[in-house]
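Enquirer: Throw the hints in and build the complete structure from the sequences for me.
Residue numbers (our numbering), protein chains in the order written: chain A, 1 to 362; chain B, 1 to 362.
A few of these clues could be false.
Pairs involving identical chains hold if they fit within one copy or between any two copies, as the list cannot separate such chains.
Said to hold, decoys possible - Restricting the straight-line Cα-Cα distance to at most 20 angstroms, the calculated cross-link-like pairs of lysine to any residue (SDA-like) are:
id	residue 1	residue 2
1	Lys117	Gln306
2	Lys221	Leu303
3	Lys241	Ser281
4	Lys117	Ser66
Don't read these hints as lab results, they were simulated from the structure.
Protein chains: 2
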Amino acid sequence: MEEKDRNKVSLKIQEGVPQPPNINPDVLTGISRKRRKRYSVNEFTDGILSGNRSILSQAITLVESSLPEHFRSAQAIIEKCLPYSSRSVRVGITGVPGAGKSTFIETFGLLVAETGKKIAVLAIDPSSQNTKGSILGDKTRMEKLSVHPNAFVRPSPSAGTLGGVARKTRESIILCEAAGFDTIIVETVGVGQSETSVRAMVDFFLLLMLTGAGDEIQGIKRGIIEMADAVAITKADGGNKIPAENARIMFQNALSLFPRTQSGWKPLALTCSAREKTGISEILKVIGDYAGYAKKTGYFEELRKQQAVIRMHDIISEYLEDSFYNHSEIKSLVPELETELHKGTITSYKAALSLINKYFKK
Amino acid sequence: MEEKDRNKVSLKIQEGVPQPPNINPDVLTGISRKRRKRYSVNEFTDGILSGNRSILSQAITLVESSLPEHFRSAQAIIEKCLPYSSRSVRVGITGVPGAGKSTFIETFGLLVAETGKKIAVLAIDPSSQNTKGSILGDKTRMEKLSVHPNAFVRPSPSAGTLGGVARKTRESIILCEAAGFDTIIVETVGVGQSETSVRAMVDFFLLLMLTGAGDEIQGIKRGIIEMADAVAITKADGGNKIPAENARIMFQNALSLFPRTQSGWKPLALTCSAREKTGISEILKVIGDYAGYAKKTGYFEELRKQQAVIRMHDIISEYLEDSFYNHSEIKSLVPELETELHKGTITSYKAALSLINKYFKK
Numbered sequence: 001m002e003e004k005d006r007n008k009v010s011l012k013i014q015e016g017v018p019q020p021p022n023i024n025p026d027v028l029t030g031i032s033r034k035r036r037k038r039y040s041v042n043e044f045t046d047g048i049l050s051g052n053r054s055i056l057s058q059a060i061t062l063v064e065s066s067l068p069e070h071f072r073s074a075q076a077i078i079e080k081c082l083p084y085s086s087r088s089v090r091v092g093i094t095g096v097p098g099a100g101k102s103t104f105i106e107t108f109g110l111l112v113a114e115t116g117k118k119i120a121v122l123a124i125d126p127s128s129q130n131t132k133g134s135i136l137g138d139k140t141r142m143e144k145l146s147v148h149p150n151a152f153v154r155p156s157p158s159a160g161t162l163g164g165v166a167r168k169t170r171e172s173i174i175l176c177e178a179a180g181f182d183t184i185i186v187e188t189v190g191v192g193q194s195e196t197s198v199r200a201m202v203d204f205f206l207l208l209m210l211t212g213a214g215d216e217i218q219g220i221k222r223g224i225i226e227m228a229d230a231v232a233i234t235k236a237d238g239g240n241k242i243p244a245e246n247a248r249i250m251f252q253n254a255l256s257l258f259p260r261t262q263s264g265w266k267p268l269a270l271t272c273s274a275r276e277k278t279g280i281s282e283i284l285k286v287i288g289d290y291a292g293y294a295k296k297t298g299y300f301e302e303l304r305k306q307q308a309v310i311r312m313h314d315i316i317s318e319y320l321e322d323s324f325y326n327h328s329e330i331k332s333l334v335p336e337l338e339t340e341l342h343k344g345t346i347t348s349y350k351a352a353l354s355l356i357n358k359y360f361k362k
Numbered sequence: 001m002e003e004k005d006r007n008k009v010s011l012k013i014q015e016g017v018p019q020p021p022n023i024n025p026d027v028l029t030g031i032s033r034k035r036r037k038r039y040s041v042n043e044f045t046d047g048i049l050s051g052n053r054s055i056l057s058q059a060i061t062l063v064e065s066s067l068p069e070h071f072r073s074a075q076a077i078i079e080k081c082l083p084y085s086s087r088s089v090r091v092g093i094t095g096v097p098g099a100g101k102s103t104f105i106e107t108f109g110l111l112v113a114e115t116g117k118k119i120a121v122l123a124i125d126p127s128s129q130n131t132k133g134s135i136l137g138d139k140t141r142m143e144k145l146s147v148h149p150n151a152f153v154r155p156s157p158s159a160g161t162l163g164g165v166a167r168k169t170r171e172s173i174i175l176c177e178a179a180g181f182d183t184i185i186v187e188t189v190g191v192g193q194s195e196t197s198v199r200a201m202v203d204f205f206l207l208l209m210l211t212g213a214g215d216e217i218q219g220i221k222r223g224i225i226e227m228a229d230a231v232a233i234t235k236a237d238g239g240n241k242i243p244a245e246n247a248r249i250m251f252q253n254a255l256s257l258f259p260r261t262q263s264g265w266k267p268l269a270l271t272c273s274a275r276e277k278t279g280i281s282e283i284l285k286v287i288g289d290y291a292g293y294a295k296k297t298g299y300f301e302e303l304r305k306q307q308a309v310i311r312m313h314d315i316i317s318e319y320l321e322d323s324f325y326n327h328s329e330i331k332s333l334v335p336e337l338e339t340e341l342h343k344g345t346i347t348s349y350k351a352a353l354s355l356i357n358k359y360f361k362k
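Expert: Rendered as structure tokens:
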């Protein structure tokens with residue numbers, strides 16, 4: 001089903017119901033890599049707020065960790081950073097395979113970094129093991145950007161299901177913002193459920209497409225185009241310039257057929273070339289224009305508030321489903337009922353009720 | 001949030017956990033309208049299977065009822081009808097306000113009915129009180145179709161939230177199929193969450209659009225265009241013919257930019273006029289072509305099986321959330337936490353955990 005992908009069983013239940021952090025912030029955290037200092041929550045927070053990238057990086061490691069003691073420290077750090085976050089523009093970037101996402105982000109990121117602004121690049125890649133185009137896994141990528149003093153490039157958290165990865169990325173954004181990064185890029189591979197999660201944590205969503213995009217477009221999920229605030233046709237250079245401009249016009253026409261976004265913003269189609277460094281500053285300008293527009297209407301702030309509330313409800317849904325589907329009786333009954341549903345010998349409603357009855361009578 | 005509308009609190013918990021039907025099918029059902037016979041479950045089933053439209057209509061009333069005793073009878077009838085269902089083509093139809101959905105459906109339905117096929121029209125309209133274009137509420141609509149011997153037109157179930165309405169429509173489809181209707185139309189208003197529900201219960205999804213569709217298109221939700229198996233530009237008559245053809249070309253171009261549907265089917269753009277009765281039989285043919293194509297590839301059958309399984313999981317999610325959000329402590333805490341989230345003084349994760357802890361310690 002393309003319309004309603006179930007994003008089930010996402011939060012790990014590691015020690016029964018997780019407890020909100022309630023620890024002494026001066027106690028050392030569990031991070032204990034060889035020859036690396038163990039920081040306390042306060043040291044972490046101070047380090048992040050002073051813009052120390054090494055400490056930021058270790059704090060994100062803590063956020064990504066699945067150990068319970070790390071979880072508690074991480075939550076305490078996030079809480080302390082929270083008042084200093086929310087000052088960036090968050091941009092989600094996805095694209096069809098072959099669109100050159102990392103090359104684009106490197107070029108775009110260097111442009112931002114060289115104006116003196118600070119840019120952080122985070123990645124969500126729930127399917128890195130299964131897709132050819134794994135993002136940020138290749139350490140040779142974004143060579144220049146990753147060593148730029150104004151940039152921070154962080155590969156995808158490797159473990160966990162999508163819900164978990166989305167939470168980690170969302171929390172890493174808070175830490176990056178507290179560390180003074182004013183542009184946050186969240187990159188996804190464009191193949192799955194992750195785009196909805198990313199759309200729900202960013203201010204602006206950019207889709208990278210290719211000219212023609214015949215077979216390539218089959219690599220992305222339906223519905224992504226309608227999520228975009230802008231579509232950029234990449235590799236608009238050399239002999240590809242005219243086809244790229246034609247593709248841009250087609251996309252601009254298509255976008256004009258869509259209903260307006262919730263913000264009232266009209267999505268734009270653009271072209272760019274990372275190789276020739278053309279069209280990149282225009283995209284930066286469009287993002288700036290959007291931020292200016294949305295801040296003026298109040299939508300920018302409003303969306304973030306909405307996102308925070310929606311996220312709370314999403315976490316609850318994930319947790320409830322996780323608890324339900326991990327129930328031992330449910331676990332063994334689900335395949336049986338799915339078989340019956342396949343045969344058409346039971347209604348979905350009756351199948352659901354029989355599971356619900358089992359669960360609530362436990 | 002347009003990307004992730006929360007479809008929460010949908011199933012009514014009326015008497016704790018509802019019980020699967022377990023009643024004597026010969027006992028009379030609770031239906032007791034004045035001067036109307038009370039049928040038993042078996043009488044209902046026999047009546048439906050013999051194609052008795054009055055009994056079908058009363059059975060749907062039972063399905064739509066929110067009384068517990070009706071619920072049990074209805075489930076028993078559905079179960080008995082289940083082996084005789086699944087023989088139709090189910091078509092979801094939505095459109096921008098003003099596209100003339102009911103006029104289209106009347107013309108389309110008469111065309112089907114006059115070939116000797118049996119057509120049923122059901123509606124999902126969760127927002128009928130709030131929208132100008134309430135569907136099927138106006139009894140003067142579909143005048144000819146609703147009295148045609150081969151047609152059955154059923155207005156929207158009026159009560160309940162979307163999840164409930166979707167369940168009722170899904171179960172009404174089963175009854176209509178058992179009564180021998182081979183084309184089932186499910187109509188929606190195109191403004192909200194209902195399209196995803198409808199897409200998940202039909203084989204083919206048709207979107208009705210207008211030429212230009214400037215302001216009208218703002219009335220529909222983003223993402224709907226990418227759900228369509230076909231887009232029809234309505235009112236392609238008189239001086240509107242050429243603009244309609246131009247709009248068709250634009251939509252066909254736009255559709256070609258989208259990734260293929262899961263079925264592999266390439267969505268088509270068409271024009272039609274209900275007034276001049278042009279293009280209607282072409283749309284019927286496209287639906288037939290799709291059904292032929294999808295049956296050949298096995299996707300037709302596969303999608304229905306997937307839909308049944310997904311539906312079971314959706315019902316479970318709805319129930320879990322309903323149970324969660326109706327918990328008295330949760331109910332009073334949610335607004336407080338939402339306020340904190342608005343102020344940015346708490347993370348979504350911590351807010352969610354504090355509710356989860358409350359719920360599971362009850």
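Enquirer: Regarding Lys241 and Ser281, is the shortest C-alpha distance of 20 angstroms or less found within a copy, between copies, in both, or in neither?
Expert: within (17 angstroms within a copy, 43 angstroms between copies)
Enquirer: Under a CA distance limit of 20 angstroms, which applies to Lys117 and Gln306: within one copy, between copies, both, or neither?
Expert: Neither: 27 angstroms inside a copy, 48 angstroms across copies.
Enquirer: When no copy is specified for Lys117 and Ser66, does a C-alpha distance of 20 angstroms or less occur within a copy, between copies, both, or neither?
Expert: Neither: 32 angstroms inside a copy, 59 angstroms across copies.
Enquirer: Between copies, within a copy, both or neither: which fits Lys221 and Leu303 at Cα up to 20 angstroms?
Expert: between (24 angstroms within a copy, 17 angstroms between copies)
Against the hints set out earlier in the document, violations occur for numbers 1, 4.
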